[in-house]
Structures are given as C-alpha cells and as structure tokens.
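Participant: Let the sequences and hints guide you as you build the complete structure.
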Amino acid sequence: MIRNIWAVGRNYADHAREMKAEIPKSPMIFLKAGSCVETGSKIKIPAWSKDVHHELELAYWIDENLKLSHVSLALDLTARDAQAEAKAKGQPWTSAKSFTGACPLGSWVSLADIDTQEELQFQLIKNNEIVQSGYARDMIFNPEILLQHIKNHFPVMPSDLLLTGTPAGVASLKSGDVLQARLTAANRELLTCHWDVE
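For the sequence shown, counting from 1, position 82 maps to 82 in our numbering; every step adds exactly one.
To be clear, the hints were calculated from the coordinates, so they are not data collected in a lab. One or more of the hints may lead you astray.
Here are the computed distance ranges between Cβ atoms for each label pair [claimed, not checked]:
no., residue 1, residue 2, range
1, Ser-110, Gln-180, 16 to 24 angstroms
2, Asp-138, Asp-113, 17 to 25 angstroms
3, Lys-50, His-149, 30 to 38 angstroms
4, Glu-198, Ser-133, 21 to 29 angstroms
Every residue, glycine too, gets a C-beta built ideally from N, C-alpha and C.
Facilitator: Now the structure itself:
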C-alpha cells in the first residue's frame with residue numbers, strides 16, 4: 001500500500017519560468033494523498049474543476065531500506081483553478097493535488113537495470129503531439145538529494161513514492177484527450193503508458 005506521495009514543485013527551471021515563479025534555492029516539498037494513485041488507463045476530471053493540468057514526472061519507489069529502488073512515470077494532475085484560489089488565500093494545495101485519481105502511475109522499472117539515471121528521458125504525447133519532454137539530468141535537485149531532504153525533515157516510510165517535478169509544457173486536459181508517455185535511457189525504451197481522458 002502506498003502511504004505518502006512526496007512531491008516537489010519547480011524542480012525544472014523551464015517549468016518555473018513558464019509558471020512565472022522563482023527558481024527555488026531548496027526543495028519545495030508538498031504531499032499528495034497516497035490514495036489518489038490510479039494504476040488504470042482512465043483519467044477522470046473532477047466535475048468541480050474546469051482546468052486540470054497534466055504534469056508528467058519521474059516517480060521513484062522508496063523501499064524497505066528507505067532507498068530508491070524503482071522508477072516509473074506519473075502524472076501529477078493539478079486542478080489549476082483550485083490551486084490558484086488556494087494560493088490567493090494562502091491555503092494548502094490539497095484540493096488541487098489530491099482529488100480522486102490525481103496521480104496516474106505506470107508500472108515499475110528496477111533501477112538495477114539502468115546504467116545511468118541522468119540519461120533517463122521522458123515524454124508526454126497528447127493527441128499525437130509531444131507536449132512535454134525532459135531529462136533527469138535537468139532536475140535542479142536530483143532524486144537522491146530530494147530523498148535525503150525529505151528524510152531529514154519528514155517521517156518517510158517504506159512504500160512511499162517520490163515525485164521529482166515536471167518540465168515545461170504543462171497544459172489543460174479535456175474529455176477525449178489521449179495521452180501516451182514514454183521513458184527511455186540511452187535510446188532504450190523502458191516503459192510506455194497510455195491514458196484516456198474521460
């Protein structure tokens with residue numbers, strides 16, 4: 001059972017710029033509810049939001065030794081209208097980040113099968129067009145730094161997830177959109193995901 005989802009904001013400089021936000025000097029950690037993970041192929045937009053954005057990210061599994069053992073792809077779905085309202089009121093982002101199904105997740109790839117994590121590349125294709133593309137090496141804070149940071153500050157548990165931030169290209173989803181995501185390393189395909197937006 002997934003307990004906590006530790007996520008980080010603005011971990012790619014290009015995304016920080018597109019959001020007109022400062023590049024952080026230390027990791028900006030927030031939580032998503034573990035219960036919002038969705039392993040199926042359907043994405044349901046909540047009726048109360050008119051602006052849910054896709055944010056494709058590398059996701060890491062934290063094992064029984066509190067180490068990163070596997071990698072996958074996840075969508076950090078964000079109700080941008082709810083987030084904007086929460087920001088304006090100085091409130092937490094929970095409603096924007098932890099609605100039912102807000103974390104579609106792919107299958108897991110063992111890090112033991114990957115020679116160099118920095119070469120991990122991931123892409124999101126929406127309706128046959130590449131809309132997001134990123135490399136692990138472009139993170140401001142790499143996964144090991146993020147893990148150490150959260151271990152220093154929070155009660156990290158086995159089976160927690162670590163989401164590592166999204167590159168530029170986030171945008172709104174609508175019913176009928178078809179999403180595909182790919183994870184590669186040194187031109188070797190490791191994982192593909194498919195989601196239909198209902």
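Participant: Could you run down the list of hints and mark each one as holding or not?
Facilitator: Cross-check of the supplied hints:
1. For the hinted restraint 16 to 24 angstroms between Ser-110 and Gln-180, the CB-CB distance of approximately 22 angstroms keeps it satisfied.
2. The hint said 17 to 25 angstroms for the Cβ distance between Asp-138 and Asp-113, and at roughly 22 angstroms that hint holds.
3. Restraint check, Lys-50 to His-149: a C-beta distance of roughly 34 angstroms satisfies the suggested window 30 to 38 angstroms.
4. Glu-198 and Ser-133 have their C-beta atoms about 25 angstroms apart, which keeps the hinted 21 to 29 angstroms range intact.
Consistency note: the structure conflicts with none of the earlier hints.
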